[in-house]
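Residue-level listing of the chains:
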Amino acid sequence: MSNPQEPLIRIRDLSKSYQRGGQDIPVLLDIQLDVQAGDFVALMGPSGSGKSTLLNLIAGIDQPTSGRIEIGGVDIATLSEGQLADWRARNVGFIFQFYNLLPVLTAFENVELPLLLTGLSARQRREHTLAALAMVKLEDRMDHYPNELSGGQQQRVAIARALVSDPTLIVADEPTGDLDRHTGEEVLGLLDELNRKLGKTIVMVTHDPKAAARARRMVHLEKGVLVDEAPDLLTGKT
Amino acid sequence: MFILKLLLKNAFRHKLRTTLTMVGLVVAICAFGLLRTIVDAWYAGVEGSSSTRLVTRSAISLTFPLPLNYGQRIKSVEGVSGISWSNWFGGVYITERNFFPQFAVDPTTYLALYPEFRLSDAERLAFMRDRQGVIVGRKLADKFGWKVGDQIPLRGTIYPGTWTFNLRGIWDGAEAKTDESQLLMHWSYLNETVRKLYPKRADAVGVYIVGINEPQNAALISQRVDELFKNSLAETLTETESAFQLSFVSMSEAILVAINAVSLIIVVIIMAVMANTMTMTARERLAEYATLKALGFAPSFVVKLLFGESLLIALIGGGLGLLLTLPLAAGFASAVGTLFPSFHVSGLTMGLQVVAALVVGLVAAAWPAWKMSRIDIVQGLRHVA
Numbered sequence: 001m002s003n004p005q006e007p008l009i010r011i012r013d014l015s016k017s018y019q020r021g022g023q024d025i026p027v028l029l030d031i032q033l034d035v036q037a038g039d040f041v042a043l044m045g046p047s048g049s050g051k052s053t054l055l056n057l058i059a060g061i062d063q064p065t066s067g068r069i070e071i072g073g074v075d076i077a078t079l080s081e082g083q084l085a086d087w088r089a090r091n092v093g094f095i096f097q098f099y100n101l102l103p104v105l106t107a108f109e110n111v112e113l114p115l116l117l118t119g120l121s122a123r124q125r126r127e128h129t130l131a132a133l134a135m136v137k138l139e140d141r142m143d144h145y146p147n148e149l150s151g152g153q154q155q156r157v158a159i160a161r162a163l164v165s166d167p168t169l170i171v172a173d174e175p176t177g178d179l180d181r182h183t184g185e186e187v188l189g190l191l192d193e194l195n196r197k198l199g200k201t202i203v204m205v206t207h208d209p210k211a212a213a214r215a216r217r218m219v220h221l222e223k224g225v226l227v228d229e230a231p232d233l234l235t236g237k238t
Numbered sequence: 001m002f003i004l005k006l007l008l009k010n011a012f013r014h015k016l017r018t019t020l021t022m023v024g025l026v027v028a029i030c031a032f033g034l035l036r037t038i039v040d041a042w043y044a045g046v047e048g049s050s051s052t053r054l055v056t057r058s059a060i061s062l063t064f065p066l067p068l069n070y071g072q073r074i075k076s077v078e079g080v081s082g083i084s085w086s087n088w089f090g091g092v093y094i095t096e097r098n099f100f101p102q103f104a105v106d107p108t109t110y111l112a113l114y115p116e117f118r119l120s121d122a123e124r125l126a127f128m129r130d131r132q133g134v135i136v137g138r139k140l141a142d143k144f145g146w147k148v149g150d151q152i153p154l155r156g157t158i159y160p161g162t163w164t165f166n167l168r169g170i171w172d173g174a175e176a177k178t179d180e181s182q183l184l185m186h187w188s189y190l191n192e193t194v195r196k197l198y199p200k201r202a203d204a205v206g207v208y209i210v211g212i213n214e215p216q217n218a219a220l221i222s223q224r225v226d227e228l229f230k231n232s233l234a235e236t237l238t239e240t241e242s243a244f245q246l247s248f249v250s251m252s253e254a255i256l257v258a259i260n261a262v263s264l265i266i267v268v269i270i271m272a273v274m275a276n277t278m279t280m281t282a283r284e285r286l287a288e289y290a291t292l293k294a295l296g297f298a299p300s301f302v303v304k305l306l307f308g309e310s311l312l313i314a315l316i317g318g319g320l321g322l323l324l325t326l327p328l329a330a331g332f333a334s335a336v337g338t339l340f341p342s343f344h345v346s347g348l349t350m351g352l353q354v355v356a357a358l359v360v361g362l363v364a365a366a367w368p369a370w371k372m373s374r375i376d377i378v379q380g381l382r383h384v385a
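Which chain is which? The protein sequence lines are A and B, in order.
According to this note's numbering, the first sequence holds residues 1 to 238 in order.
According to this note's numbering, the second sequence holds residues 1 to 385 in order.
Don't take every hint at face value.
[Claimed, not checked] Mimicking EDC-like on lysine to aspartate or glutamate, the simulated pairs with C-alpha atoms at most 20 angstroms apart in a straight line are:
hint : chain 1 : residue 1 : chain 2 : residue 2
1    : A       : 223       : A       : 208
2    : B       : 9         : A       : 143
3    : B       : 304       : A       : 81
4    : B       : 5         : A       : 109
5    : B       : 9         : A       : 148
6    : B       : 15        : A       : 148
7    : A       : 137       : A       : 186
8    : B       : 5         : A       : 143
9    : B       : 304       : A       : 143
The hints are simulated quantities; they were obtained by calculation from the structure and are not laboratory data.
The following block holds chain B by itself, in its conformation from the complex (with noise of 0.2 angstroms):
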């Protein structure tokens, strides 16, 4: 009790250099929380992803589509219990800075892929009977407002002309990661305008979704539906869903090195600034620890005053730039819209800002404890002298 009263009245004896300490503390610790989520929110598609599922896709790039008829024989492979398929639409929605992803669906065989998608019945059913329908999570109908009954433009960049939709639902992500930034249409009215414009383009598929019910055999299921379609014109690779989501963030792997590593650096600035000041303190009560231990108090009196002090201020910096980050995130969140899917800071992530603080109280109080604990009582009480 008493040290702990001790330890409060030594942590805030300079306030202004408490404060600012904390407030160092604070700003990075957030910071790294930040960071840390901003590298979880790139691989929410990976985390989003399900292990019931599998993707199948041209085996020489990804933007070389699919027959449609290719469907039908996926489906017989055995240990495939369903398929889907899907288009990537690329609209422009008033300006290119609106992005989000839009999918031309097969409704009915999609949403029974993606239960995660919670749509009412009724939006549903209204959604499979109007061909000009599209439905979108939330968190993109939150972000422009959207209301079920609104007309959507998109101008078309892949699919030229301008393409107004209806939106008929709006679905809730099952859970937190799941992504509620993306609109569906359906395939068959796309479908049906590229052959009236564009004949050579109609049938295709740019990725077939494809349902598994053990996912333990997803490999070998994936190697079945490769074989399928050996040496025919558009030979196929299949893999789950994560390792396809994967592919997407591996390509910005250098930028997600980066940012991790910034974030660890933030952590060691502050821990070297945190040093600093716990080094002066120690300096300037250098008699005050002669005098205890003068008084009788062991060495470990004034190693345990030293590493109580940082951690108290450590983990007080610390919590504080833990609380910091989650309306900070919620912020940064609706600042970058549907650009990432999932934008949550995670259990761990909080869990690695406790820990980055307490790693900064530990090491700050290290030296000045290791050389408190080994001065001379002497050379200390003349320090005041």
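Next up, chain A with everything else stripped away, as it sits in the complex (with noise of 0.2 angstroms):
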């Protein structure tokens, strides 16, 4: 998708502002902000400083008002809505902080959605689909529906769906925020595998200092703006 020495996500002179009774309200400013394959990045910040919404820009489910956000070299900021929801199928992988199953579906079910998307062949699906739940060792549970499960549970299966289709990148919004210390401790050691052992860049936002010590890497937003880098937990460049 990209050319191993330019950065996977390169964010340029990004800014967001939202209209509210007529006001321009501010959400992020001037954000330069590179990322590289297989990197994972953990974007720290107080209530309202704009780190949910940089990672919606980043996941192509929101547009900036200015600057430009490539990713794979895709100024995605440019493309329009069916292009992006195209994008986002082939490149982006999703876990929420409420997981967002569909109740209705199985564990299987729910994996296999993104790939209903894909050319694949019903057999190809369902062999895909068992190596995700596989790697998030719910293969027992795969015909129980998201109330049959734990939150810890469902937080897995909503990992094995961000990571069924093989995307470039998998953001996380604040993906132990509705867990216990231990569950989520299961789960950010996922998101850790997935990173090391796949190579998977992942982007997640978090409030919890101990998971954001899980990154590789810490960003720091406050009102808007990207005020600091911490170092790089493993090789202490900043």
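Put the two chains together into one complex; each comes in its own frame, and the hints tell you how they fit.
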């Protein structure tokens, strides 16, 4: 998808503002950020700092007011709604705080969902889905509906759904926000595994410093501005 | 396949809500079908009429009789292939509630003009031989449990006195629309009695039934017949049998318009109920639709889900309503007896019921589908949080 020398995500002069009651409310101001392929980045900051907005822009589910977001060399800010939907289907895996599984579908069917947008046959879809469920150790619960699973298990199904189509990028919005510490640790361990073993690029929003510590790199936002970047936890580089 | 599975699961996610919506649809589609069948039944006489028959009556009013000697003169008109006549008897069988049409007819000529009244040769002969004999339609016989050989007493209202007739035959209609609710008696028997009791009323005919071979000449033949009696004491008005029947229906035109309007209003009401259900459904699933869009599903997928679910509910409810219409119509027909000569749910009505269910399904999903296809993903995802 991209040149190994180039960052997977290149954000330049990115600004985002919302219109509320006729007023222009800035949320992100002049953001510059590069994320290398295979990186695991934690976006941190207080509520209202713009970290979720930045994640949404990177994931292609929101549009910037100005600036560029190049992912794998594609400026997604210039894509139409339809092109963006196709791009997301091919390149992004989503993990949400509240799992966002479809309650009428089993764990298997939820994981299979993104594959319906690919040209895979039913047999191929089944193989991929079972492999993804095996990765999160939920093969034995594949016929269970979300309300028959614990929060941690639901989040693991969501992780399987995020990785089943082998996306370039996984975005996680507070993935442990609705889980107890122990279950949260399990989920973070899983993300860590995806990053280290499968080389998946992960961008994660979190409030929790302990969760952020599992990332290779931390980025801090305050009032829509990138204030500092913590040293790379593995290499010590900034 | 997957989308069908998802549609089914979504449709029955709230079982009570879906069931109540379907019950509403069943009632609405069934009521729509029944009301339309009532209107159809009103027009059954018109539909059952033949294009090879004309009716000649007094130009002043149907209540004014025509002289018996008109028959021979009408028969001589070019294009006329047969002639018969009938008088409205207007008798009461036990009570006024047991209303059914009774006509005094000339049996040989009348049955020749009405081949759709199917009677066995033996019964036909028995009827011809017995001047006090009558024949009735199957529906009428079934209603009162009459059998051939029974005696039927009628209290005359136009022709006073109690008249006792012998049932000599029961005819079956050649088609479903054939009237099986009438009683036919001998005109000669009636006329003979009237001549004795009220000589001035004898030899009078209510209407002439004129047989023609070429329906396309109906207007011309009607004109010829009426010209024959122009400036006479009893001028005539000749029209096709369907126009004659339609003149009765037009008397209750306002009621029919009202019934048609009510049947449409019922469909509109269920459309509003269904639209409300689909709007509630869409609002509840806002986050799910946002998730699907985030995963890369196009807005058209969300549109398909909503239209599919709405159509599925509408077609199941509509289908059950249609199926229920048939026994209900039969029950209704049995309850009202011979009020309608024919009461059948037509193919057109069933087709319209399906169309009504489809329209309800489509219209109900239109607004939520449009709205959900345009939801902002970020706002939609926040709906959960």
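Hints versus structure:
1. 223/A to 208/A: 18 angstroms, holds
2. 9/B to 143/A: Holds: residue 9/B and residue 143/A sit about 15 angstroms apart, inside 20 angstroms.
3. 304/B to 81/A: Distance ~18 angstroms between residue 304/B and residue 81/A Cα, so the pair holds.
4. 5/B to 109/A: 10 angstroms, holds
5. 9/B to 148/A: The given pair, whose Cα atoms are some 16 angstroms apart, holds under the 20 angstroms limit.
6. 15/B to 148/A: 19 angstroms, holds
7. 137/A to 186/A: 11 angstroms, holds
8. 5/B to 143/A: Given that 20 angstroms is the threshold and the Cα spacing comes to 15 angstroms, the pair holds.
9. 304/B to 143/A: 26 angstroms, violated
Going down the numbered hints, you'll see the structure goes against just number 9.
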